[in-house]
Amino acid sequence: EAGVAQSPRYKIIEKRQSVAFWCNPISGHATLYWYQQILGQGPKLLIQFQNNGVVDDSQLPKDRFSAERLKGVDSTLKIQPAKLEDSAVYLCASSLELAGGNEQYFGPGTRLTVT
Amino acid sequence: DAKTTQPNSMESNEEEPVHLPCNHSTISGTDYIHWYRQLPSQGPEYVIHGLTSNVNNRMASLAIAEDRKSSTLILHRATLRDAAVYYCILNSGGSNYKLTFGKGTLLTVNP
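Those protein sequences? They're chains A and B, same order as listed.
Each residue of the first sequence is one higher than the one before, starting from 1 at the first, in this note's numbering.
Each residue of the second sequence is one higher than the one before, starting from 1 at the first, in this note's numbering.
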């Protein structure tokens with residue numbers, strides 16, 4: 001079974017530029033998550049989708065971050081404009097459905113460096 | 001969200017069992033106990049989860065206290081590949097089943 005795919009794996013941009021990350025979840029997984037992991041910290045949930053609807057985006061900085069999940073499958077996360085503090089690994093995860101007993105499967109992440 | 005408390009770091013020797021503790025004294029009746037681990041430069045990986053009863057899978061065992069206020073992840077024979085940060089996380093429908101990661105426990109395995 002193919003895992004969660006993310007691209008690009010690495011990205012370096014200057015502050016005030018924009019960037020987009022792409023995620024393809026495991027086939028059949030209804031729930032998709034985007035996390036931000038700053039060096040030395042645990043991942044922080046940015047946004048959670050159930051199919052193509054947003055379940056939780058309470059920690060998404062909406063003035064600069066946006067995310068969408070077209071047709072309930074692939075998802076993109078965009079930052080515009082980027083700030084130095086956005087340097088982090090952005091992780092995508094998916095799970096079969098929204099339930100306490102369901103495990104989340106994580107992709108390899110995209111390492112973003114903002115200079 | 002109910003919080004968990006874990007030691008910052010633990011050390012083990014290869015091929016010995018490892019017991020990773022987690023305290024969650026404010027756990028509610030609907031909270032699941034999840035364990036994930038994160039190897040260096042990789043995304044987190046699911047290890048095991050449980051609700052009330054002890055659980056076993058191919059990776060580990062989860063021992064849950066009778067009052068559910070603490071749990072222990074047991075790696076039966078540690079290998080060098082088990083060196084990682086281990087996260088103990090509670091989730092429930094009240095929080096949309098989201099995972100809130102803390103700092104976890106950094107496990108070092110000595111050869």
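Incorrect hints may appear among the rest.
[Unchecked claim] Some chain B residues judged to face chain A by a derived CB distance under 7 Å, without partners named:
| hint | residue |
| --- | --- |
| 1 | Y46 |
| 2 | G94 |
| 3 | N96 |
| 4 | Y97 |
| 5 | K103 |
These aren't lab readings, by the way, just hints derived from the structure by calculation.
Note that the structure is a prediction, hence the values are computed from the model and not measured.
Backbone N, C-alpha and C define an ideal beta-carbon position, used for all residues, glycine too.
Hint-by-hint comparison with the structure:
1. Y46: Where the cut-off is 7 Å and the nearest Cβ of chain A is about 4 Å from B/Y46, the hint holds.
2. G94: violated, 10 Å
3. N96: Holds, about 5 Å.
4. Y97: holds, 5 Å
5. K103: holds, 6 Å
The earlier numbered hint that this structure contradicts is number 2, and it is the only one.
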